[in-house]
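A.B. asks: Which chain is which? The protein sequence lines are A and B, in order. Residue numbers for the first sequence follow the numbering used here, so the first one is 1 and each next one is one higher. Residue numbers for the second sequence follow the numbering used here, so the first one is 281 and each next one is one higher.
No wet-lab data here; the hints were simulated from the structure. Computed from a predicted model, the values in this text were never measured in an experiment. Glycine included, every Cβ here is placed at the ideal spot set by N, Cα and C. Hints are not guaranteed to be accurate.
Covered stretches of chain B, going by a simulated chain A footprint (3 or more residues, C-beta under 8 Å) [to be verified]:
1. 360-371
2. 376-388
3. 398-405
4. 429-436
5. 462-472
6. 579-589
Listed here are the chains, written in short residue letters.
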Amino acid sequence: MKALFARPGNVVLFFVLWLMVFLSLAPFVFMVLGSFKTNHELISLTPSLLPQNGFNLDKYAALFAYWPFLRNLFNSVVVSSIVTLSVTVTSLLVGYSLAKFEFPGRGILTVIIIATLMVPFETRLVPTYVLFRSLGLINTYAGLVIPGMVTAFGIFMVRQFALDSVPDELLEAARLDGASEFRILRSIVAPILAPALVSLALLTFINSWNDFLWPLVAVVNSDMFTVSVALRSLADPSNITDYGMVLAAAVISVIPVLAVFALFSRQITTAVMQGSGRES
Amino acid sequence: MTTALSRRDRVAPDSGASRGTSRARLWANMRRNGHVYLWVSPFIIFFLCVDLYPTLWGFGLSLFKWDGFTPPVFVGAANFVRMMRDPLFWTTTWNTLVLLLLIVPARTFLALVLAAMINSAIVRRKHFFSAFLMLPNVTATVVVAIIFNVLLVTNGGLVNTVLGWVGIPAVSWLDSTEWSKVSLAILNLWKATGYFALIMLAGLQQIPKVTYEAAQLDGAGPIRTFFSITIPQMRNVILFVVIVSTIWLVQNIADAMVLTQGGPSYSSTPLMYFMFIKAFSQFDLGYAAAISLALFVLMTLLSAGTFAVNRRGAK
């Protein structure tokens, strides 16, 4: 402890780091406490830390009475699960194929994937919307999930990981033993790639749960809303009446993501750090 | 599956049988790896239908005037001419630039400093601090915007109340043209700086410890070391952070949509959000497609820049 504070620089360093921790945590604390408060307590010249009426669940009850929020939660669970499963499986298949097989067309595919990585979805939002509308996919689960089902990011991530960590000798040995390619993928390659696939699934789930722009244009009816779109409607300044209730909805909406993050923060931060130097 | 496999085994890779003319080899190669085409097919189908087709269709749409319901009318380059003459196009382009200037330098600096602090030898719980860097980033923009909306209310919001305690008069964070962009910048800095700090941290961990030890032996202090070793060694990572955060900001619609609704009077509407308003509030789809195309060109150039940086970094 003594050595820690031996130099004034160290004190500054730890002050800044703990300030960062405080700043990244404070809005969450404000949100949770605020979900138990009335408008008068939230917008006040004499703010108090704890809610005056204690921790009763009035705002949460009001939310479910006012809005089909359970249905929205269900929609988000369905959409995020399908997207996560699909991205994980397709990234494994395509990423491994690109990393470990010589086949005509491999070069052009790799170039296409990198190019896709570079062009953000927003620039084709309008034509994608028009296409999905003409196919009758607006307001459907299919319409919500399809644009997220395959990602160049996931493929690229698995490809890089497979290049580094799947030894060719192992694959050759399995082939000599007569294992089918699918069997090799399932019993040898998938277990080796498991850490990367877990990270990819976690990142995909979080992104899909938080995704906002596409669900906003892809659904019209409030009972097809995902949680993010519902939150945006609830928080619309033209009809916001009860800040506490909106904060209650926000609290519920972050629980799945924060639970995932609490359990797997190490995998998630590591994935971000490993992806950094290479992705895109 | 088994029969297919045994046949494949007989034309084993690089065995004499598969050598021959190059065409025969190509054919053998394709047959041996037939399953690969099945495995990559989801991407190919997806790319053609969900990426390429709408992109090209969007290019075409930029030459039409269309409200989404009545038949489209071909107008040639009129949408692009209109864009050049549209004061709101220039206002929102300017907003985008101001946001970039408010955010990117501050973010790059903060991310590097935070990363260097966590990387310093006296910090033992590196993962603990990294997790708190990442925490704001895994939270939905909508949620962040809701919290900030309540915090930044002009009369009685917590931020202004606290500022009042130290004698600073109330700031009209969300309802004034001067501050709306600043509020957006604060939200975005809070939300995404930690992510880039992690990328910086990964870069810092690549710098060999010996370099620092040598500098220490030569009597360089921490500040001197930071400027003469850390920054030069991190040049590519810093460039990467600058370009990627620029791309993210240009493509970001959500922040403005939920925090300020782009207002007051378009003061916090970035160009991408302007495109969105044209398309989905005013049903001016052809014009929106033209703006998208302009943004597409801009983003492609920026991304190509990133890729070049990465390539150079890899060497």
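A.B. asks: Could you run down the list of hints and mark each one as holding or not?
C.D. replies: Hints and how they fare:
1. 360-371: violated (count 0)
2. 376-388: Violated, because only 0 residues of the region 376-388 of chain B bring their Cβ atoms closer than 8 Å to Cβ atoms of chain A.
3. 398-405: This one holds; 4 residues, not fewer than the three required, reach chain A with a Cβ under 8 Å.
4. 429-436: Coverage by chain A holds here, the residue count being 6 at a Cβ distance below 8 Å.
5. 462-472: Result for this restraint: violated, n = 1.
6. 579-589: holds (count 6)
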